[in-house]
Structure formats: C-alpha cells, structure tokens
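Undergrad: Based on these hints, arrange chain X on the given structure of chain H.
Here the protein sequences come in this chain order: H and X. The first sequence begins at 1 in the working numbering and counts up by one. The second sequence begins at 334 in the working numbering and counts up by one.
Careful, some of the hints might be misleading.
As the list claims (entries may be wrong) - Straight-line distance between alpha carbons at most 20 Å, and here's what the computed SDA-like set of lysine to any residue pairs gives:
no.	chain 1	residue 1	chain 2	residue 2
1	X	Lys565	H	Lys63
2	X	Lys382	X	Thr443
3	X	Lys500	X	Arg524
4	H	Lys192	X	Asp445
5	H	Lys151	X	Gly550
6	H	Lys201	X	Lys576
7	H	Lys192	X	Glu504
8	H	Lys30	H	Phe185
9	X	Lys565	H	Leu147
10	H	Lys63	H	Phe185
11	H	Lys58	H	Ile181
12	X	Lys560	H	Ala148
13	H	Lys306	X	Ala567
14	H	Lys16	H	Gly46
What the hints assert, rightly or not - Some chain X residues near chain H, calculated using beta-carbon distances under 8 Å:
no.	residue
15	Val363
16	Gly456
17	Leu501
18	Pro564
19	Ala567
Said to hold, decoys possible - Chain X regions said to be covered by chain H (calculated; three or more residues, Cβ under 8 Å):
no.	region
20	423 to 434
21	548 to 559
Read the hints as simulated data drawn from the structure, not as lab findings. Heads up, the beta-carbon is just placed ideally off N, CA and C, and yes, glycines get one too.
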Amino acid sequence: MPHREVWTLAEAGEGKLRQVSFELLSRGRKLADKLETQLCSVLLTGSMSDEDLEQLIKRGADKVYVVESPALENFTVETHSNVLLDLIKQYKPEIFIAAATTTGRTLMPHVSIRANTGLTADCTGLEIEDGTGNLLQTRPAIGGNILATIKTPEHRPQMATVRPRSTRPAPIDENNAGRIIRVEFKNNLEDKRVRRIGFRKNEDQGIDIQSADVVVSGGKGLKKKENFALIRDLADRLEGVVGASRDAVDRGWISYPHQVGLSGKTVTPKLYFAVGISGAIQHLAGMKTADTIVAINSDPEAQIFKVADFGIVGDLFEVLPSLNEKLEEVRSR
Amino acid sequence: MNIIIPVKQVPETSNVKMDEKTGTMIRDGVESIINPLDLYAIETGIQLKEKFGGLVTVISMGPPAAERAVKEAMAMGCDGGIVLTGKEFAGSDTWATSYALSEAIRKIGTWDLILCGERATDGDTGQVGPGIASFLDISLATYVSSVEDIDNGLMVVERLVEGGYEKLQMELPALLTVVKEISYPRLPTLRGKQKARVTEVPRWSVDSAGIDKNRIGLNGSPTRVVKIETPKVARGGKIFAAKDEESLGRAVDELVDFLVMKELI
Numbered sequence: 001m002p003h004r005e006v007w008t009l010a011e012a013g014e015g016k017l018r019q020v021s022f023e024l025l026s027r028g029r030k031l032a033d034k035l036e037t038q039l040c041s042v043l044l045t046g047s048m049s050d051e052d053l054e055q056l057i058k059r060g061a062d063k064v065y066v067v068e069s070p071a072l073e074n075f076t077v078e079t080h081s082n083v084l085l086d087l088i089k090q091y092k093p094e095i096f097i098a099a100a101t102t103t104g105r106t107l108m109p110h111v112s113i114r115a116n117t118g119l120t121a122d123c124t125g126l127e128i129e130d131g132t133g134n135l136l137q138t139r140p141a142i143g144g145n146i147l148a149t150i151k152t153p154e155h156r157p158q159m160a161t162v163r164p165r166s167t168r169p170a171p172i173d174e175n176n177a178g179r180i181i182r183v184e185f186k187n188n189l190e191d192k193r194v195r196r197i198g199f200r201k202n203e204d205q206g207i208d209i210q211s212a213d214v215v216v217s218g219g220k221g222l223k224k225k226e227n228f229a230l231i232r233d234l235a236d237r238l239e240g241v242v243g244a245s246r247d248a249v250d251r252g253w254i255s256y257p258h259q260v261g262l263s264g265k266t267v268t269p270k271l272y273f274a275v276g277i278s279g280a281i282q283h284l285a286g287m288k289t290a291d292t293i294v295a296i297n298s299d300p301e302a303q304i305f306k307v308a309d310f311g312i313v314g315d316l317f318e319v320l321p322s323l324n325e326k327l328e329e330v331r332s333r
Numbered sequence: 334m335n336i337i338i339p340v341k342q343v344p345e346t347s348n349v350k351m352d353e354k355t356g357t358m359i360r361d362g363v364e365s366i367i368n369p370l371d372l373y374a375i376e377t378g379i380q381l382k383e384k385f386g387g388l389v390t391v392i393s394m395g396p397p398a399a400e401r402a403v404k405e406a407m408a409m410g411c412d413g414g415i416v417l418t419g420k421e422f423a424g425s426d427t428w429a430t431s432y433a434l435s436e437a438i439r440k441i442g443t444w445d446l447i448l449c450g451e452r453a454t455d456g457d458t459g460q461v462g463p464g465i466a467s468f469l470d471i472s473l474a475t476y477v478s479s480v481e482d483i484d485n486g487l488m489v490v491e492r493l494v495e496g497g498y499e500k501l502q503m504e505l506p507a508l509l510t511v512v513k514e515i516s517y518p519r520l521p522t523l524r525g526k527q528k529a530r531v532t533e534v535p536r537w538s539v540d541s542a543g544i545d546k547n548r549i550g551l552n553g554s555p556t557r558v559v560k561i562e563t564p565k566v567a568r569g570g571k572i573f574a575a576k577d578e579e580s581l582g583r584a585v586d587e588l589v590d591f592l593v594m595k596e597l598i
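Isolated chain H (complex conformation) (with noise of 0.2 Å):
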C-alpha cells in the first residue's frame, strides 16, 4: 500500500514566508523519500502571491496547500485548528511536522487533541523506522539529561514538532517543480471568541534569540546591569543577538525574553557564547544544542566548561575588551 503524504506546516509573517518553513522542508524530504511519497507544505495565510509560495517548491515541496482569508491573517488558534483538522480529514496525510514555535507548540497540540492522534514536542531528530515506516521522532526531555524516541504505531497523522534550527534549511533547487493548491477557506470555521487586538515590538532590536545564529549570553559574573554593554558590543561583532542567565534576568539586568535556559527560551544556534555563566542544569538544557560552545568564566571547576568546545578561565572583564580589540583587528585585516 502507498503512502500517503508527507506534510510540513509553513508559517509566514508579514507576507513573507519564515525560515523554520524550508528548515521542515529539509527535515520532510528525507522523510516522503524514504516512504517513497510526496512532500506536500501547508500555508494558512491572509494572502500569498504564486511567486512567493514558488519558493516552497523550489526547496522541495512537491505540492503546496494553501488556505487564504483575512481571517488567517493572524494566529489564533481556534481558527488555524478549524482548519487544519478540516485538510487532515480531507487529505489523510501519513505525517505532520509544524516548528516548535509559539505557533506551532500552541496549534499543533490543539489540532491531535481533536484528530485523536500523538503528537511528540521540540523533537530534535526524526527518522523513518525501516521494516514498518513509522515515524521515530527524537527529543530532549527532563532538562536535556535524556534523548527519548518516541512513535505514534497506530493513530494517523504521526505530528511532531521540531526544534527550530536544529536542521539546516533545504537548498532553492530552480529545476524544482510541483503544484500549487489553493483550497478555499469555508467561513463557517472562523472561530471569533479570541481577537488580536494588538502588538508590539520588542523595544531592542532583535530580540528574537531563537532564530540568531550567534547567541552572546551574559550571566551573574557581569556584577552589574551597565556591564551588559560589553555583551553587546561583543554580539555586534559577531552579528549575534544578547542572551542572558536566569540570574541576569531575575536582578533586573536585563528582560525576559532574552532568557535562555528551563525557565526561558531554548536555543540552537551556531555558536553560542557564554559570559560569567557557571552553567546551572537549568542553563545547559537551554543552549547545549548550539553548534559550537564558547565559554568564558573565572572559576574552572564552572560546570560550563563541561559542555563547552572553547573556553577561556579568566576575568571576563579582562577577556571581553581584549576579545573585542582583536575582532577589531581581524576585521580591519
């Protein structure tokens, strides 16, 4: 027996199609390959032009199903799950990968409560079990300490959430070619008991320490708010973006939502750097994915050093301004 589809959920912002959407594309190709059955990627949106959905099919979707209404022109859950449970009954696909984002750890339970299906979060690995083709998804659980692979053996579609960056983005392929399905929104699925009523930005700039791939987290060793200023003189330098411990968060150093750790964001970027951070368990499970681990810290037995690929013992009031001098350098070369 066939197959049935392989299906990945794209999500968009401002009109443009996001990174974590070609990143599933990557993870889904591998998948609909090995059971020999098509990628298809799933855009609810308030409006896309064929040019830029072109884009999904270019990184290897070979369909694209794309719902439009001003009524999906912003997330609420209600009505995104309307929706998707509408195409699942319809389309019977075999798998279901959205992000683990906000969007898609909000949607996605939402959508297998009522498709009466399992659903595994945050997975940081997926593959296809030889011999019965089921799913075998891999993620981090208690804090990171265990990898746990988890399968859905009966309920259809297998849905699983992915780590964002935790895979590459599929490359544009021009040569790729697929279909574009628009399926039209049926009114009756508006759910209207939860409005957006408003948003606002992060008053700094780029905040978003989830899709960086440089993170420069700062942590109590900083000793005072005004010393983050040499966190982000380095983060400039890099290109990154400022992260920061619990402890940095709970004095007051700096916001929450540039926590990384159990109690904040969990991130994987390329490289990952970590200032006058000891490495509590509650950090490490937040930024141990990262690529490449740089850690600067005074005391050596810091438990960072332990999951560190770089580190330097020393006062980081000492290290940074040289570090930075030296990036200057390298810069100007």
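TA: For chain X alone, kept in the frame of chain H given last:
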C-alpha cells in the same frame, strides 16, 4: 471568578542523576517538587482571586504523593485541591493526560478560567495545557506574560511570541498557559501551611471522575516511548587559562583562530 490550576509534581531537576548503564533517571533520593513553572500560574491565580473574588482549585494527576504539590499550592493561598490518582493513569501520554484532566475539570463544575504553567520541567512538552483547552473547546492563549483586564466575560492578555508581545481579547471561559514574566511567586505563609495541613485533599479515581479507562494509561495513549538514551554532554573542548597579560593574549588569539577555523567570523 473561579479558577482551576492543573499542577504537576516533578523531580527536582537541578539534582537529576542518570544511571549511565541503563540510561534511566536515578529516582532514589531525588526530591519531588511542584513543577517550578506551575508556580507562576498559581501566583497569577491567587492575584486574580484577590482582585475579582472566587475560588482557586488545584488539580494534580499523579501518584497519591502528588497531594504534596496540591498542599504546597494551598499553602500559597489556593482554596482547595484534588488529586487524580490510580494505577489506570500510569503511562498516559500528553493526549491521555489532557483527556483525563479535562474530564476531571468538567466534573468540578463551574469555573471561568484555567491557568497552567508553560510546561513541566520533566516532560518538557508544553502540550497538556493546549490539550485541555482543545478537549473542553474553550478559548486558549499560550505563553501569556500579562493579564491586562477581565470585564464582562472578556479578558485581555498579552502573550510573548517571537519578536514581541501579542495582545489578545478572548471570551471566557478560557485557558491560559503562562510564562515566568507574568508574576513573582509568593512564598507559602504559616497560616497557609496550617490550613493546608488540616484540609483534606479528595482523591478522585477513574470512576469518581467519570473517565473512560480506554482513553487513558498506556493503552489510551497514541504515542509510545521506544528508546531512552543519555546524551553525552561533555564536549572536551580546549580550555585556556588567562592568568596574566601573556596568557590572556594567547587565549584570545587562540579563540579568534578557533572562530576563524570554524568559519564563524
């Protein structure tokens, strides 16, 4: 305004030790605590009660010892609690847990608002809050960082999303999952502790809560855990000491070379 707060008892994660051979968690000597992220929901619930009146009821699904988590919440100022317990619940995944809790909450009767922590620090899924809202078919907002207003059956909240804060107006009844930014949890008071000590926490079973046995536990769960591994954490990176000007200079040079080699700058 009556509020329900589902809470979970979790192992204290800062002391988690793994058995290297079996890849399982060593539970001996590990203290159970109330999920730290639930404290923000509890504090928010108590504040809303202080402002609008009503009762705050805590519910926890787990072993009978989950009563401790319920009593801790009562010591902070919640009015009462329920423990949902029985061997039939063991092995429930997030679908089955959401189902069981939603049925028990239905049974509690009249309430306006359900508050949940963003996720539990052991399972780390964050799926049960949205799952309960889905089963009960009530308004849902996740990652809520502030409750701005409640008036005439409508509530206005802000939620923390990528790049900013989104303001939502939602009809009650509603379920919110909250983030740390929403409140600063108070400590239990002596009076609260005394009250918690003498108050009986009813234990609800599958039958008393009217729960369908076939939809909970391992058999009622769509997902299966097939493998548990302990990831290797240590990376064995290069560590340089910067003790004086010379060693500092060398360490920084090495770091920059390392970043260049990794094509990070």
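Undergrad: Each hint should be assessed against the structure and marked as holding or not.
TA: Consistency of the hints with the structure:
Only pairs whose Cα atoms come within 20 Å are accepted, and X:Lys565 paired with H:Lys63 is rejected, the gap being roughly 39 Å. Between the alpha carbons of X:Lys382 and X:Thr443 the distance comes to roughly 15 Å, so the proposed pair stays at or under 20 Å and holds. The straight-line distance between the Cα atoms of X:Lys500 and X:Arg524 is roughly 37 Å, outside the 20 Å bound, and the hint therefore fails. A C-alpha spacing of about 18 Å is found between H:Lys192 and X:Asp445, which places the hinted pair at or below 20 Å, so the restraint holds.
For the suggested pair H:Lys151 and X:Gly550, the alpha carbons sit about 16 Å apart, so the restraint of at most 20 Å is met. Under the criterion of a C-alpha separation no larger than 20 Å, the hint pairing H:Lys201 with X:Lys576 is inconsistent with the structure, at around 43 Å. Between H:Lys192 and X:Glu504 the CA atoms are separated by roughly 9 Å; this keeps the pair inside 20 Å, and the hint holds. With a C-alpha separation of about 30 Å, the suggested pairing of H:Lys30 with H:Phe185 is violated against the 20 Å cut-off.
Taken as a hint, the X:Lys565 and H:Leu147 pair is honoured in the structure, with Cα atoms around 10 Å apart against an allowance of 20 Å. A threshold of 20 Å between alpha carbons decides the hint, and for H:Lys63 with H:Phe185 the separation of about 18 Å falls inside it, so the pair holds. Taken as a hint, the H:Lys58 and H:Ile181 pair is honoured in the structure, with Cα atoms around 15 Å apart against an allowance of 20 Å. The hinted pair formed by X:Lys560 and H:Ala148 meets the criterion: a straight-line CA distance of about 6 Å does not exceed 20 Å.
About 5 Å separates the Cα atoms of H:Lys306 and X:Ala567, which keeps this hinted pair within 20 Å; it holds. For the hint pairing H:Lys16 with H:Gly46, the CA-to-CA distance comes to about 11 Å; that is within 20 Å, so the pair holds. Taken as an interface hint, X:Val363 does not check out: its beta carbon lies about 11 Å from the nearest beta carbon of chain H, beyond 8 Å. With a least beta-carbon distance of about 6 Å to chain H, the hint placing X:Gly456 at the interface is held under the 8 Å criterion.
Proximity of X:Leu501 to chain H holds as hinted, the smallest CB-CB distance being about 6 Å (cut-off 8 Å). Taken as an interface hint, X:Pro564 checks out: its beta carbon lies about 5 Å from the nearest beta carbon of chain H, inside 8 Å. Because the smallest distance between the Cβ of X:Ala567 and any Cβ of chain H comes to about 5 Å, under 8 Å, the interface hint for this residue holds. Coverage of a stretch by a chain is defined here by at least three residues with a beta carbon nearer than 8 Å to that chain's beta carbons; for the region 423 to 434 of chain X and chain H the count is 5, and the condition holds.
For the region 548 to 559 of chain X, the proposed coverage by chain H is satisfied: 6 residues have a C-beta within less than 8 Å of a C-beta in that chain, meeting the threshold of three.
Violated hints for the displayed structure, listed by number in ascending order: 1, 3, 6, 8 and 15.
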